Each structure stands twice: as structure tokens, then as C-alpha cells.
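Colleague: Just so you know, the protein sequences line up as chains V and D, in that order.
So for the first sequence, the working numbering puts the first residue at 1247; every next one is plus one.
So for the second sequence, the working numbering puts the first residue at 1247; every next one is plus one.
It cannot be assumed that every hint is accurate.
Just so you know, same-sequence chains aren't split out, so a pair can sit in one copy or run between any two.
Capping the alpha-carbon separation at 25 Å, the derived lysine-lysine pairs in BS3-like fashion look like this [what the hints assert, rightly or not]:
| # | residue 1 | residue 2 |
| --- | --- | --- |
| 1 | Lys1559 | Lys1410 |
| 2 | Lys1343 | Lys1559 |
| 3 | Lys1410 | Lys1497 |
| 4 | Lys1497 | Lys1544 |
| 5 | Lys1430 | Lys1343 |
| 6 | Lys1410 | Lys1343 |
| 7 | Lys1544 | Lys1343 |
| 8 | Lys1544 | Lys1559 |
| 9 | Lys1410 | Lys1279 |
By construction, these hints were calculated from the structure, which means they are not laboratory data.
Just so it is clear, the structure is predicted and the values come from calculations on it, not from any experiment.
There are 2 protein chains.
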Amino acid sequence: MKLATLRDGTRDGRLAVVSRDLASAVHADGVAKTLQQALDAWQALAPRLAALAAQLDAGRAAGAFAFDPASAMAPLPRAHHWVDGSAYVNHVELVRKARGAEMPASFWTDPLVYQGGSDDLLGAMQDACFASEDWGIDLEAEVAVVTDDVAMGTDALTARSHVKLVMLVNDWSLRNLIPGELAKGFGFYQSKPATAFSPVAVTPDELGESWDGGRLHLPLLVHVNGHLLGRPNAGVDMTFDFGQLVEHVTKTRRLGAGTIVGSGTVSNCDRSLGSCCLAEVRMLETLAHGRASTPFMKFGDRVHIEMLDTQGKSIFGAIDQRVVRSA
Amino acid sequence: MKLATLRDGTRDGRLAVVSRDLASAVHADGVAKTLQQALDAWQALAPRLAALAAQLDAGRAAGAFAFDPASAMAPLPRAHHWVDGSAYVNHVELVRKARGAEMPASFWTDPLVYQGGSDDLLGAMQDACFASEDWGIDLEAEVAVVTDDVAMGTDALTARSHVKLVMLVNDWSLRNLIPGELAKGFGFYQSKPATAFSPVAVTPDELGESWDGGRLHLPLLVHVNGHLLGRPNAGVDMTFDFGQLVEHVTKTRRLGAGTIVGSGTVSNCDRSLGSCCLAEVRMLETLAHGRASTPFMKFGDRVHIEMLDTQGKSIFGAIDQRVVRSA
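Can you build the whole structure from these sequences, using the hints too?
Modeller: This is the structure we're talking about:
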């Protein structure tokens, strides 16, 4: 099934089931008012949401209406935990080269994660607001999963069964703030502003054979101002799958239901497939021509992130955001 | 007023108003079921909670009962944002010395923060569970504030007015996991397990003249296994006040209501006042005697963190936790 959170003036929005073709939706209040409430009691409520989805897909859901992705908040407009990995290690290697930083060999065996802000997650079509273009505004197109409760010390295989939903992410990064912030030793904070998510989150069964339990084997399509930036396959060159990422993050903690775990910027070693962030494009330009020619994003620029299934149909709807100057 | 979240089998608990002397409490369901709900509409609901508190303190609250701190969850059992500063820079300097790391001079002018896990916050008397003593289990006694909604780009003075609640924190740290994790460059994750909070959170007016709008000028009392570890004054040597910390964290983000901002380990330059974490004790021992003799915490050890007002009465109740091996 596919789930969205519709804007209704509240902080957590109103849960809706969305049809497989993303054309229609139906409020799911009868089951749970919000997605967090559904995740809090997923085992009991997911079958009821699935039944509603089946009715909707069969054209028999009472109260169905046209689904407008512009009315979608982030599936979880505020979550309790948003941890983002850097699972495509070839990307990490490139970005660090761009910063003039060496990458330790352990990065190929020990996942790298950081914790993002989870109190302010953006809807797919919400503007991304920044005070200055000088911060080096960059998109990062990713895949993320939402877990239920996960115990401390969960192994990678068991962790796979805790993946309840899958969605797309635009993990905005402020590249020019990163070097100074990382030099302080405590990781990202100011350099990682509010993150945006696809209009719908889907259960893994919606992905068919493209989902192998830990990786999503489909191209992630990224456009900037209408031009294709990249279409790497999210299942290729993902050094750590979602099970391994969850194992890593539960070493010393348990995860609460509704935890969002991100893949990090998708990146394939096959560079003909392009990139999912501008930093990678700029690094490749520097390697090829001695200097980066693609600028970071400017006010008014747009980014479009989408994933199509094997029939060419949008799975998650599109993240389609405009960069604007904050008021 | 003083607020607690009582265990009722739900994830977010049940909001209660607690009497000034911490002896009695009354459910606040008539105003808000949970503290997050109260914070979501603080301007409208705080006066109603304050009225209930006044009734309780006057012995006229219907349904009042004895307050048992063991029944308290964290005031916010799960929050949407928990960001911890390192405002006592002399502590940062010492801990880094202990790690053999130099501290850049900019640390005296540019606050250091990291984002902690906010999906699993521990009550004051909940056990702290770890898989191994080898991780270097350490307490960190701190002060924290809870904000309402704060806009991006808020200055330090304005930020002070967004402090709605104050509480105590035990920010557990796994010292032996820190060097390896920080070396990866993305900051803390595995080395910062679930954090614990005092039984009650209080509004700043409860602190009288001890609260200057940005700092809490009272000793923080820390005992380990019944022995005094430290009693530094939280208002002394706090290089960045809470207003400055909020200014720092809103540079590129807005904060959602219920954001928790921590001070970092309280530490005074006057070393006769002791320490609020074992790492600092061990560093001072190393400097004085060439080696650290105080071990990190073992299974079965207890930590007690409390703050008394100028009349010697407990303000927040005590954090009193036992270290146990995770099941």
C-alpha cells in the first residue's frame, strides 16, 4: 500500500491511503489519524490500512478523492529519529576528494551515519528556504526506510523485517558550511537543514522484485531545472544495505517506531549514469577539467526527484522543490 | 509550575502537574494528554496548566495524589529534536586533552553541538542498559531547556523568550567508542546511547533569581554510588548561554515546539568543586598523578543527579539510575 500525510492545518497532518497509480486517495482516520499513530501499532493497524488500500485500488472506497501531491506533507511531518547513512561509499570517497580529505579504508566495512533534524521534515513540493546562496546549496537524492520498534543489538538479517515503509528523500546540504563544521569534530548540524520526502511512503511489497529486502533496485531520476542530473540505480554500489545500516545504528540504542533510516546520496561507479547531488558533479568536473563548472543551487532553481517502476510508472510521486530565500 | 509525564502504558505517557515541593501531583488530561500536546499549543494551554498548579500548591486540586518519581517517564519520553551543546568549554578542553586532541581557539566563540537520539528518552529512575562495560560507560550531568517553535535565524536575546521549560539531563556517553567514531568525521552516534531526564521539567519562573534568562545559577550535585563526584555551579563558566545555543542551532533551521537543547556537561574552572562526568575526573587524575585511577561505570553502579534551590529543596527531583547489562 501507499500512504500519504495530507495537510490539514495540524502539525502531524492527516493520514491517507493513496491508490497504486497515485491518482486517488482516501482518508484513513477510521484506522489512524496520523502515520505515527499507525506505526505505533503497526501490526494491528497495517492490515486495516491494506484493506482500505485494496478497496481504493478496486474503485470501491467510500469518500475517495483525487490525490494532489501538493497537499502532501512529509509522510512523517515530524519524526522522532532521522538517521542518514552514507551507504554508497564510492560517493563518500568522491565528496571527500572534493573537500581534499582522505577516506579511511574502514569506510568500506564500517557504515558512516549522522543524525538529522526530525522536527521539521518538508513535504515533496514545499519550498526549500535558505538565507544565503553562499552556503553552497545542494540536493542529495536518496532512498529511506521507516522502521517499527527495533531492539538494541539487532543483526542485519533480522533488521530487514523491521522495514515497514520505503520513500524518497532530498537531504539538502549546505556544502560551504560542511568543512568548518566537520573540522569541529562533532559532525553535521548547521550544514544539514530541513530534509524533504516523497509524497507517499510505500510498503516493501509495492516494490515487487525490485526490493530484495535490503536494497531497492531501480534508477533514481534526478533533474535540476528540467535537465537530467542523474539516473543511477539505487540497488547498485550500495555498500551497506538497509539491514546493515539498522544493525549499525542499533549497536547501542533501540529504535522507536517511525525511525527513518536513509541510504545517503545514491551513486553508481558507472559515471555515465550521472549524479544525485551537485557536489559529485563538481568533483567529477574538477577531476576531468581541473575545475568545477556546475554551480550549486540558486534561489529560483528547482529539483525534481522521482523513481519509476519497471512499467515506467511513478512509485512514490515526485519530490519537486524550489529553492527560495528565507523570509 | 512543574510538569511530569507519568507512565500509563502509552509511548508518550500522561501529563501531570507536580506540586512545588514535589510531594503531590494531579493529572492534567483536562488540559493536555501529553507534554508534547501542551507544548504544541503552549500559549493557550500554559495558563491553564499554571492554574492547575496553583490549585495543587494551595491543596485545592481535585484528584491530587502522592507524586512518585519512579512513575515518571522522561518529561518528553520521545521528542522530535534533542540537540546538546558543549557550553562549558573548559570541560571540552579537558576531555579533548584526555583524548590527546587539541582544541581550536574558535571553540571559545563558536558553539559546538551534536544531535542526540530523541526517540527513546529515559525516565529519571530507569535503568541505563549497555551490552558491555568495555565501552567506557560515563555519565554527563547537564541542564537542558525545552523550546516552543523558534524561527530560523533567531538571535540570542530573542531566543531566551523561547525557553519554556528547564530540566536536568544525564547524557550517557560511551567514552571508548568516541575516538573511533569521531575519527570517521560525522560525529557521535553509537557513542551516545539513550539519554535520561529529571522527573519534572519546570517553567523558568520556578527558578526565581537563579535563572537569569540564559543560565541557571545553582550547583548541580552529582553522586556516584553515594559518593559526591561534583557540585559545580551551572551558571559559572557556561561560555554560551541557552540563548546563544538556540541562536547557533537556528542558523539554518527552525525548531519545532518541544525541541530539547542541552548545555553539555557542567564544569567549573574551580576544580575543588569536582566534576559532572568521569572522563573529567580521569583527566584531572592523569594530569596530577600521571594516570587515571577512577574507573568508568560498571554494571550495578548508580548515579544520582540533583539540583537544590537556595532553600535546599530539590527543584527537579533526582535522576537516580542504575547501570545494567542489556538483556
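Colleague: Look at each hint and say if it fits the structure.
Modeller: Here is how each hint holds up against the structure:
| no. | hint | verdict |
| --- | --- | --- |
| 1 | Lys1559 - Lys1410 | within (22 Å within a copy, 48 Å between copies) |
| 2 | Lys1343 - Lys1559 | neither (36 Å within a copy, 56 Å between copies) |
| 3 | Lys1410 - Lys1497 | within (20 Å within a copy, 34 Å between copies) |
| 4 | Lys1497 - Lys1544 | between (40 Å within a copy, 18 Å between copies) |
| 5 | Lys1430 - Lys1343 | both (19 Å within a copy, 15 Å between copies) |
| 6 | Lys1410 - Lys1343 | neither (35 Å within a copy, 44 Å between copies) |
| 7 | Lys1544 - Lys1343 | within (24 Å within a copy, 42 Å between copies) |
| 8 | Lys1544 - Lys1559 | neither (30 Å within a copy, 56 Å between copies) |
| 9 | Lys1410 - Lys1279 | within (18 Å within a copy, 28 Å between copies) |
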